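Based on the provided sequences and hints, a complete structural model is requested.
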Amino acid sequence: MAPLGIVFLVFFIVPLVLTLIVSFWDYTEYAIIPDFTFRNYQEIFEGCITGLPDLCMTFKTYWSTFKFSFIVWLLTLVIGFTVSYFLRFHVRTMTMQIVLFLLCTIPFWTSNVIRMISWIPLLGRNGLVNQGLLDVGLIDQRLDWLLYSEFSVILAFVHLYTLFMIVPIFNSMLRIDESLLEAAYDAGASGWQTLVNVVIPLCRPGIAIGSIFVITIIMGDFITIGIMGGQQIASIGKVIHVEMQYLQFPAAAANAVILLAAVLMIIYGLTRVVDIRKEL
Amino acid sequence: MRSATRTRSFYFLATVFTAFIVFLYGPMVIIVLLSFQGPEGGLTFPMNGISVFWFERLWEGVGVIDIWRAFRRSVGLGLVVMLSTVVLALAAGLAFRQRFFGASFVFFVVVSSLIVPSIVVSLGIGLQFQLLDNVVMWFGERYDIAYVNDEFQTTMGLFTSALGAHLTWTLPFGLLIMFAVFNRFNPAHEEAARDLGANPWQTIRYVVIPIIVPSLIGVALFGFTLSYDELARTQQAAGSTNTLPLDLQGLTTTVTTPEIYALGTVTLAVSFAIIFSTLGLVMYLQRRRSAHGTDAGEGMV
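Keeping their order, the protein sequence lines are chains Y and B.
Heads up, our numbering is the position in the first sequence plus 403, with the first residue counted as 1.
Heads up, our numbering is the position in the second sequence plus 53, with the first residue counted as 1.
Take these hints with a grain of salt, some might be off.
Now the stretches of chain B that chain Y is said to cover, found in silico as 3 or more residues with beta-carbon under 8 Å [unchecked claim]:
(1) 105-111
(2) 166-173
(3) 213-225
(4) 239-247
(5) 301-307
Listed below are several chain Y residues computed to face chain B (Cβ distance under 10 Å; list not exhaustive) [to be verified]:
(6) 411
(7) 419
(8) 485
(9) 486
(10) 494
(11) 516
(12) 518
(13) 521
(14) 522
(15) 528
(16) 530
(17) 554
(18) 566
(19) 660
(20) 666
(21) 670
Simulated from the structure, these hints should not be mistaken for laboratory data.
The structure presented is a predicted model; accordingly, all values stated were derived computationally and were not measured.
Note that CB positions come from ideal geometry on N, CA and C, so glycine has one too.
Structure, rendered in structure tokens:
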């Protein structure tokens, strides 16, 4: 126990505390200076209130990130739920369930960067999708928005992170007693009614856990947005990343604190809707 | 009537599932195909002949970046992370079976580590080691330590900051697996061992570990693969030493030949070799267990 505690103390708790402390420090071009100043926070929100209704840089970045989070959350939820439902209720044998579940899981153990790169031959200007659509005659000009766009970012997110929905939802579904479904059927419920009134409510904890995973990953992302967005789309993670490259640690720390606060608020909201602790 | 509706939804859902699997694997299959592009071939179809030209180019090295050194680094770090994850997760999993002071706090911290955005963890660790460097250098000047003043550069490195960053990502998975295992573990096995005179260490060594070894292999798989492919947390925490994913990320913007697909294929091959040999090993162990008619695996998945 103790060694594990030490690892998390040294590499998780202390760094987070330091981040909070340093977010109040001052800095120059070449040094960071211990201080207690709100400068970093003020600079992040400079003109954000007075400039309304126009959004300042920070609000725009958050708005864009929230938008990605919401769209990807919805897509991963629908796909993840459908896949889990199929695995749980339509695949009859345990062995087959394990095999198909592993089939979904294996890509998770491979490189994310490679999985992103692998979209290039499909989505590029001369890629398979454009070529196919041209050949079929659906379009007469190559589409430019397939790659290095918001579309490709969303596609890559769904590709990479649907598994984070599948695992907890599937886990919730495994706990559903099949006699409940029989009872619903006997009581005259249609398939759709059973799904909405029995299965979905029982999957709520799994849905909540999956949602937390997907939303927090996307809120802090800068790699997928960077590679798939052609380095053209802003994200909070990217702001932090750039500030770190210029060694503006206090500014990066202040942004990190705000990001963390935003993420924690979302998680708090979700845990108000669903009691996750029962599940763990 | 019921079976009729069932079949219809079954075919619909089976189609969705198949489409999802194609969506997952399709792009991978395509870059593997394209990595065998002929020397004249480009980044997309059509294939201009079939060759291993781009693999040969890769073998000679990609431009200025020493990709094979990054590869060796990533494998080395992955192995250390794997071993640490297995040992620490097992120890913690055993410890959590008894109630102890602060158990729920430790659990809360471990789960938080999974959901705090990687960039924040990465920044924190980067910052911590930066400050540590400053402290070391200050000491060096203050007490005139020759080594520090002449040689010291940074405390950041593959097996300090990067290792720590990876463990904050792999350990939560390891611990959650251990929880799942011990929740289903039948304590009768241990009681039997104790009744037969085994001491606590012998009980763990000869009874508990052999029973849970397939799960430990699973934890090892998570430990290695998640570390080998880790990028977000390594970014700010690796210092000047690049791991393979970091180099790969850099290459996405600079390399415009199928060489990058060749590199992708090699990386995938390593991942798949590890995944399948691990899964194979687990299956072999399970099968041998059931063939020997032992009930040692009872209570396990």
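Please name the hints from earlier in the document that this structure breaks, with their numbers sorted from lowest to highest. Numbers 1, 4, 17, in rising order.
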